Amino acid sequence: MESRWRNRIVAVIFILLLIIMGLSAGGRSRITWVENIFGSALSPVEKGIASFSNFVSEKIDPLRNVWNYSQLNYELKEENQALKEELVELTLALKETDELDHLSNQLNYIRDNDISDYVTANVIAKDPGNWYSMFTIDVGSDDGLTKNSTVINGDGLVGLVYEVGYNWSKVIALIDHKSSVAFETLTVSDDYDGLIKGTIDFTLRGEFFDPQADIQVGEMIITSGLGIYPKGIIIGKITEIVPNDNKLLKEIVVEPAVNFKKINKVIVVPYEEIDYEK
Amino acid sequence: MKNRTVIVVMLINFLLSVTILQGIRINGVLANTTIILVVSFAIIYGSREGFVAAITAGILQDLFVSKIIGINLICYVVIAVAIGLFDESLFKDNVLTPIVMFVLSTFSYHIIFYFFMFFFSDTLTIDYLIPVVLTEVVYNTVLGVIMYGVILRRTHGYGLR
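Chains as they are written, first to last, in our numbering: chain A, 1 to 278; chain B, 1 to 161.
These are calculated hints, taken from the structure and not from any lab test.
Just so you know, not all the hints are guaranteed correct.
[Said to hold, decoys possible] Below, a sample of chain A positions facing chain B; criterion: calculated Cβ distance under 7 Å:
(1) L17
(2) A25
(3) T120
(4) N122
(5) A125
(6) K126
(7) D127
(8) P128
(9) G154
Note that this is a predicted model, so its numbers are computed, not measured.
Glycine included, every Cβ here is placed at the ideal spot set by N, Cα and C.
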């Protein structure tokens, strides 16, 4: 008798779990208050341990890199020179932009890409499994975050907010294999559009929509504003153009600008619906 | 062993594995200390503690660092229940027992995970998964045998043969 009851209870619980899995797949826009409270209690503890471990790894890091220092020095000197040349070009371009800005203000065009309500956050936990690249940050709905807010870093785009609690949120990184971003190339004329997806080995693969796009290895790509991410965030640099017999799309491999192995501080931009009727 | 102790140990394990243990990755792969602890508790203490450990660890890992609620819970509970079925026929102080159990449980965890993710169209490619799973199996087994020996010595006073 007893074991029949037990089997029924186990079967019911199993079916309930399957239902919960189905309901929660894809991320929910508001999570239950039980999880919220539990997570809000746990998040400061995780934050404490994470900051301690960051402190320790910061102390150990210089020791780990001691063999590379002379090579690193040489590379930095070369990069410095290249950057100085670029700085001159950019200053000239900036002057021109200033003049055009002045002109557009006089003509009363509305500039609608001002992002002013961003929030800084620390990474307090990373996914301990080996399947996905998710991490948890220590800001939540109390600071104005909503699902699908963009997460960026000083170097570029990091990812997307997946679920939000009171003072913590789950973030999916760009390199996770379900993330996809619409991008365009960072050139002054002829910016080509495309779509890029994460692959697990820390690179991104994607396609341009135009198969005759004239692009070279080494160009930067940025978000194009079509879709969830706002426009103008650096994604990475093209490292390889895959020769493709299928002439429909041009395939590229991109190295992300953010070092995903060492993310500690991020900036979150809350998600706003862009009102296209303005 | 009281339920409280098991819950506290799994909580501490979760907190450490999401923060400090992330720095100790071999080739990008992390040892799944949760599997090690669940299997060790199930073998050494019996199915009740293994069950409590699996439920606690599964709930914690799902709520905080998982895309889909419930998947880790099912994986760990299946592992704990399966070991509970073998409970009486295992020699608990032979070194082969933890080795075989850790290899089998790590493979089962990934197979069940893949099975559920298949239904959500969220799978990784097999030729990425194979080196990751194999590295994790080796890492788990090596670390697991050490931890299993420590737990065995602390509870029963004798170590692994």
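Taking the hints in turn, this is what the structure says about them:
Here the hint on L17(A) is kept, as its CB sits about 5 Å from the closest CB of chain B, short of 7 Å. At its closest, the beta carbon of A25(A) sits 5 Å from a beta carbon of chain B; the interface hint therefore holds under the 7 Å criterion. Restraint check, T120(A) versus chain B: the minimum CB separation of about 19 Å is more than 7 Å; hint violated. A distance limit of 7 Å between C-beta atoms decides the matter here; for N122(A) the minimum to chain B is near 11 Å, and the interface restraint is violated.
Of the supplied interface hints, the one on A125(A) holds, with its beta-carbon coming within about 4 Å of a beta-carbon of chain B, less than 7 Å. Because the smallest distance between the Cβ of K126(A) and any Cβ of chain B comes to about 5 Å, under 7 Å, the interface hint for this residue holds. Interface hint status for D127(A): upheld, as the beta-carbon distance to the closest one in chain B is roughly 5 Å, under 7 Å. At its closest, the beta carbon of P128(A) sits 4 Å from a beta carbon of chain B; the interface hint therefore holds under the 7 Å criterion.
The interface hint given for G154(A) is broken, as the beta carbon of that residue sits about 21 Å from the closest beta carbon of chain B, more than 7 Å.
Hint violations for this structure: numbers 3, 4 and 9, all remaining hints satisfied.
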